[in-house]
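If you're matching them up, the sequences are chains A and B in order.
Per this note's numbering: the first sequence = residues 1 to 477.
Per this note's numbering: the second sequence = residues 1 to 680.
For the record, the hints were derived by calculation from the structure and aren't laboratory data.
Quantities reported herein were computed from a predicted structural model and do not represent experimental measurements.
Ideal Cβ placement from N, Cα and C applies to all residues, glycine included.
Restraint-style ranges between C-beta atoms, simulated for each label pair:
no., chain 1, residue 1, chain 2, residue 2, range
1, A, Glu122, B, Pro539, 42 to 50 Å
2, B, Asp293, A, His469, 55 to 63 Å
3, B, Asp323, A, Ser123, 37 to 45 Å
4, B, Ser628, A, Gln290, 44 to 52 Å
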Amino acid sequence: MIHSLAEQCRKQLDLQRREFLASSFCSFGSLAMAAMLRREQSATAGPLSARAPYYDEAPAKSVIFLFMAGGPSQVETFDPKPLLNKLDGQRRPASFGEAKYQFVKADAKLLGSARKFTKRGESGIEVSDLFPKTGGCIDDIAVIRSCYCDKVVHSAAQYELFSGRTFPGFPSMGSWVLYGLGAETDSLPSYVVMADPDGALEAGQPMYGNGFLPSAFQPTMLSPGAEPVRNLNLPSGVSLDDRRATVDLIQNLDRLDRSPLDQELAARLETYRLAFRMQTRAPETFDLAQESKETHELYGVGTEPTDDYARRCLLARRLVERGVRFVTVVSGGGPGNMQWDAHKDVEENHLRMAAQVDQPIAGLLTDLKRRGLLDSTLVVWGGEFGRSPEAQVGRGRDHHNLGFSMWMAGGGIKGGRVVGATDGIGLRAVERPVHFRDIHTTMLNQLGLEQDELNFLHLGRRERLTLIHGEVIDEIV
Amino acid sequence: MTRSQFRLWALPVTALLLSAELAQASDKADRVFTQKERSHWSFQPLADPEVPQFEASGDNDWISTPIDAFVLRRLNEAGLKPAPRGDRRTLARRLSYDLTGLPPTPELLADFEADDSVDAWPRLIDQLLASPHYGEKWGQHWLDVVRFAESEGFEYDRHHDEAWRFRDYVVRSFNGNKPFDRFATEQLCGDELAQQFEGDDPRTNAELRDALVAAGFHRLGPVRRNAGNPEIAFSRNEVLTEMTNAVGTVFLGLTVGCARCHDHFFDPFLQKDYYRLQAFLAETHEFDTPFVDPAEWSQWKTRHDDLTQQIYELKQQSGNANDDEAERIKQQITELQSQLPAPLPSLFSVAGLSDRRTPIHLLERGDETKQRQPVGMRVPSVLVDNDVRELSQDTPQPKTKLAEWVTSPDNPLTARVIVNRIWQYHFGRGLVPTANDFGMNGEPPSHPELLDWLTRHFIETDWDMKAVHRLILTSSVWQQSATSPQKKQAEKLDPDNALLWHMPRRRMTAEELRDSMLAISGELNERLTGPSIMVPVSPELTSLLYKPDQWQVTEDRSEHSRRTIYLIAKRNLRLPFMEAFDQPDLQTSCARRESSTHAPQALELLNGRLSNRLAASFAESLTAEVGSSPERLVQRAFLLTTGRQPTEQQQRAAIEFLLSHPLREFVLALFNVNSFLYVD
Chain A
1 MIHSLAEQCR KQLDLQRREF LASSFCSFGS LAMAAMLRRE QSATAGPLSA RAPYYDEAPA
61 KSVIFLFMAG GPSQVETFDP KPLLNKLDGQ RRPASFGEAK YQFVKADAKL LGSARKFTKR
121 GESGIEVSDL FPKTGGCIDD IAVIRSCYCD KVVHSAAQYE LFSGRTFPGF PSMGSWVLYG
181 LGAETDSLPS YVVMADPDGA LEAGQPMYGN GFLPSAFQPT MLSPGAEPVR NLNLPSGVSL
241 DDRRATVDLI QNLDRLDRSP LDQELAARLE TYRLAFRMQT RAPETFDLAQ ESKETHELYG
301 VGTEPTDDYA RRCLLARRLV ERGVRFVTVV SGGGPGNMQW DAHKDVEENH LRMAAQVDQP
361 IAGLLTDLKR RGLLDSTLVV WGGEFGRSPE AQVGRGRDHH NLGFSMWMAG GGIKGGRVVG
421 ATDGIGLRAV ERPVHFRDIH TTMLNQLGLE QDELNFLHLG RRERLTLIHG EVIDEIV
Chain B
1 MTRSQFRLWA LPVTALLLSA ELAQASDKAD RVFTQKERSH WSFQPLADPE VPQFEASGDN
61 DWISTPIDAF VLRRLNEAGL KPAPRGDRRT LARRLSYDLT GLPPTPELLA DFEADDSVDA
121 WPRLIDQLLA SPHYGEKWGQ HWLDVVRFAE SEGFEYDRHH DEAWRFRDYV VRSFNGNKPF
181 DRFATEQLCG DELAQQFEGD DPRTNAELRD ALVAAGFHRL GPVRRNAGNP EIAFSRNEVL
241 TEMTNAVGTV FLGLTVGCAR CHDHFFDPFL QKDYYRLQAF LAETHEFDTP FVDPAEWSQW
301 KTRHDDLTQQ IYELKQQSGN ANDDEAERIK QQITELQSQL PAPLPSLFSV AGLSDRRTPI
361 HLLERGDETK QRQPVGMRVP SVLVDNDVRE LSQDTPQPKT KLAEWVTSPD NPLTARVIVN
421 RIWQYHFGRG LVPTANDFGM NGEPPSHPEL LDWLTRHFIE TDWDMKAVHR LILTSSVWQQ
481 SATSPQKKQA EKLDPDNALL WHMPRRRMTA EELRDSMLAI SGELNERLTG PSIMVPVSPE
541 LTSLLYKPDQ WQVTEDRSEH SRRTIYLIAK RNLRLPFMEA FDQPDLQTSC ARRESSTHAP
601 QALELLNGRL SNRLAASFAE SLTAEVGSSP ERLVQRAFLL TTGRQPTEQQ QRAAIEFLLS
661 HPLREFVLAL FNVNSFLYVD
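Given only the sequences and the hints, what does the whole structure look like? Please build it.
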């Protein structure tokens with residue numbers, strides 16, 4: 001029998017829950033059993049139907065991931081290092097230990113930062129002058145200054161950031177979240193990626209993909225043009241009424257067919273209803289003209305260099321407002337210097353890149369907050385790694401994976417806090433190191449998901465988002 | 001439950017998992033397997049089960065093949081009855097999709113319906129098994145399992161322009177009914193087989209060419225190329241891992257990859273066993289074998305290697321050069337690159353290079369910098385006596401040794417695994433539902449005796465795959481209807497249909513769907529073999545490529561309508577149509593396609609460019625064929641898409657629709673109905 005997907009998914013989730021319970025201690029097991037039963041009751045027909053999280057009190061319903069592709073420099077953004085400026089032009093003192101870069105050789109010289117840092121907000125967290133507007137939201141932001149990951153080249157690090165593996169083929173966090181929680185909207189795709197129109201990234205399309213999860217959990221790439229969602233527009237010469245008649249005919253022919261409609265075939269009929277609803281309702285969502293002038297100005301829509309990223313951030317808000325689960329908004333694309341990949345001149349690159357995103361990001365946080373959406377929307381900011389304290393080709397910086405900054409806001413995250421620290425030159429996370437897997441685990445946690453429970457049987461293994469167990473960053477939840 | 005409660009509950013479990021994760025490689029004595037592990041079903045020699053006998057004449061009437069006897073016994077035990085035989089049209093359509101992945105022509109259906117000779121069914125089976133489209137359909141199954149792609153993935157996603165030859169080799173092997181042990185051997189050690197033809201020109205010696213192309217199997221995994229500071233040992237470890245895992249998954253049905261970092265959690269498979277298996281591949285490296293005259297090759301190589309070395313040295317300098325120097329170096333590099341001789345045609349293959357053999361060690365947590373004891377080649381411990389010694393790392397023809405073991409009739413896994421795969425592609429579910437995992441964590445066989453009987457039969461008939469098809473397709477089990485009168489009761493007893501009380505209905509695969517739409521609308525270009533095709537795609541898609549100019553649309557437009565198996569399998573650009581209908585992602589082995597149902601599929605078929613373009617052609621060819629009578633148009637269109645006439649009510653609804661809507665829209669609707677998309 002070919003199971004309907006819903007059945008397959010439910011089986012997967014049930015099976016692993018039972019296994020998990022069986023292997024745990026009884027007294028805790030009964031507690032978990034209650035939660036499991038509740039979840040089962042809420043599971044309805046489709047693979048995408050909304051499912052209750054594991055924890056009742058899960059604050060976040062949606063995630064917006066502001067992906068700074070190419071790897072922004074920690075020492076130019078959220079991690080001030082006066083010592084680095086003092087040591088500018090010198091070799092790295094041996095006491096800081098070793099680091100392996102992609103290009104920079106062992107004899108490279110340290111490069112001080114030209115950025116000015118100021119204490120912002122009531123929390124007084126230091127933020128550089130690249131992010132004056134975002135700095136204004138710092139009391140809602142938890143800055144993690146001690147991030148690290150396993151790879152120092154783009155593609156592998158991008159895969160690790162999105163899927164917890166340094167190679168392609170694993171589901172991205174958006175697909176996992178959709179698999180775990182289902183969708184809350186039936187007129188919009190629920191996992192959306194808005195790439196930078198400047199071009200693609202090294203890890204390419206597989207980075208965002210559903211890997212081995214069923215295609216119901218695939219990302220929808222929103223395009224900037226006249227057709228934001230693939231196949232949403234009618235073919236030329238076909239009116240909405242024509243299409244409605246065709247859909248009616250399809251449903252009629254199916255109902256009048258010899259073989260009776262079972263659950264799976266009925267689910268197919270339902271998808272036509274959904275498709276039709278997407279066609280009629282989605283365009284309204286993408287119409288930014290419905291927003292006030294004041295809102296446009298808040299994000300920086302209509303002014304350069306912010307217009308493009310501002311539009312995508314504003315759309316991200318409109319999407320989560322309508323129940324979309326996961327939105328990735330990419331800054332940077334195409335050749336390295338069009339990303340945050342500042343090999344040649346970090347000053348030139350980061351001034352340009354930050355100018356495009358600072359106001360839109362601040363606008364997004366402000367707007368979410370004033371609409372009461374920030375509590376239920378987890379905003380994550382970061383790149384696939386940071387940059388080297390050493391100079392490359394004059395005033396550039398190489399890739400660097402041992403210590404860099406990311407931040408989280410909203411979705412129950414306690415703002416105005418700093419987690420962890422790098423050493424005196426921003427080389428290595430020395431205090432409270434936070435790996436991507438800890439970011440993933442914290443993100444799942446805020447959504448009420450748990451890394452072991454959220455798994456899928458693939459090639460004989462119950463695979464999950466994290467390869468090695470991550471830990472929730474307790475200080476900020 | 002609150003989060004703190006949950007964590008309290010989950011903590012001990014997490015700690016358990018963590019402590020297991022931290023179990024590290026050591027030189028301690030090998031773990032002793034328990035009796036339960038040693039006696040796991042798939043590690044046992046094949047049994048020689050008796051075909052069940054029945055007394056009731058009703059039972060004996062139903063049984064056409066030994067397969068039926070084994071299945072019927074389980075059904076009887078469960079108090080279930082098989083479903084009635086499917087009608088002739090249904091069976092012929094099912095057979096056509098099963099063996100060729102294409103819709104049956106109306107003529108084929110009519111002929112078979114009218115043919116009342118006793119051997120009409122086996123003759124139809126033979127006719128379709130002899131069709132060149134059989135290899136296209138079954139070749140795709142194999143390509144799924146070996147994660148075939150023609151690009152490397154990761155950031156460069158470099159194309160291998162000659163990898164299509166592997167696809168053709170697979171299609172040809174299925175069409176020629178190559179014995180599976182030979183098929184496996186060529187893929188496992190083709191480069192070593194090729195050595196017997198040394199000095200021959202692969203352009204004229206087909207056997208040599210096939211052996212080299214087949215060995216490309218070892219290169220099918222994603223490859224990460226490194227820019228900047230090279231990570232040679234790390235990359236080599238990645239390549240060895242891909243090769244080793246593939247041998248385990250594809251041929252042995254074992255998730256050996258789990259043992260790279262620690263002894264397998266679920267299976268009696270030691271970490272040492274993993275590296276012993278890897279040792280067979282220690283000297284295997286990617287190698288593009290020149291597809292030219294040997295003398296021309298040697299000249300080319302001298303020139304090419306010299307220039308490449310110069311370029312490499314310049315690149316090393318440029319990393320830390322200042323702007324001016326970097327610019328000068330860049331110019332020099334460009335100049336040298338322009339002098340590089342044009343690439344020679346070559347075969348995508350591997351070579352055993354003994355001077356570049358990687359010394360194989362047990363690696364702590366799979367980390368190539370943490371080498372522990374050296375290990376030699378040996379097959380997994382659970383399958384051999386403890387006193388079998390490792391072969392030394394410099395044993396010549398190592399992959400031939402591996403292939404001999406993999407295809408040995410005494411190997412309890414290989415034949416069972418492929419027989420189970422064949423069964424799965426016919427029934428949607430394997431006798432072992434986890435086709436890539438025959439270990440202790442996989443599901444046990446639903447009919448262990450049938451699996452062993454069939455496997456034994458397979459080996460006795462010299463690994464003849466078409467013989468297995470014939471047995472299955474002539475069985476009464478396979479010829480059951482998809483609906484059963486006792487559905488309500490049977491669903492309660494056996495909701496998964498593991499006992500096969502009816503034939504499962506299935507949705508077409510992405511390839512079948514595209515190919516069918518092409519065939520029905522009269523656009524299918526049936527050309528076989530050849531380099532892969534790139535079809536036009538929207539600029540939004542190529543803009544998602546790091547190197548958009550990799551997508552060079554094939555100039556000859558008639559090529560765009562080739563069967564899907566001939567479209568390029570590019571890891572970083574998959575066609576959205578294929579993606580929506582669960583084409584696997586080309587990154588890891590896919591043992592069984594998912595079949596999901598969601599709104600983007602409906603949008604693809606309703607508004608997509610492919611379905612609308614083909615609906616227009618279909619409408620045109622239909623009118624040309626039967627004229628403008630609505631009845632005839634509706635009937636012919638139904639026949640082509642669903643294999644049968646519409647019901648009266650369907651016919652009425654269709655004609656009513658045509659009163660106010662164009663034919664194009666009506667046939668588009670037919671591309672969307674269940675009786676087209678599903679195979680009963």
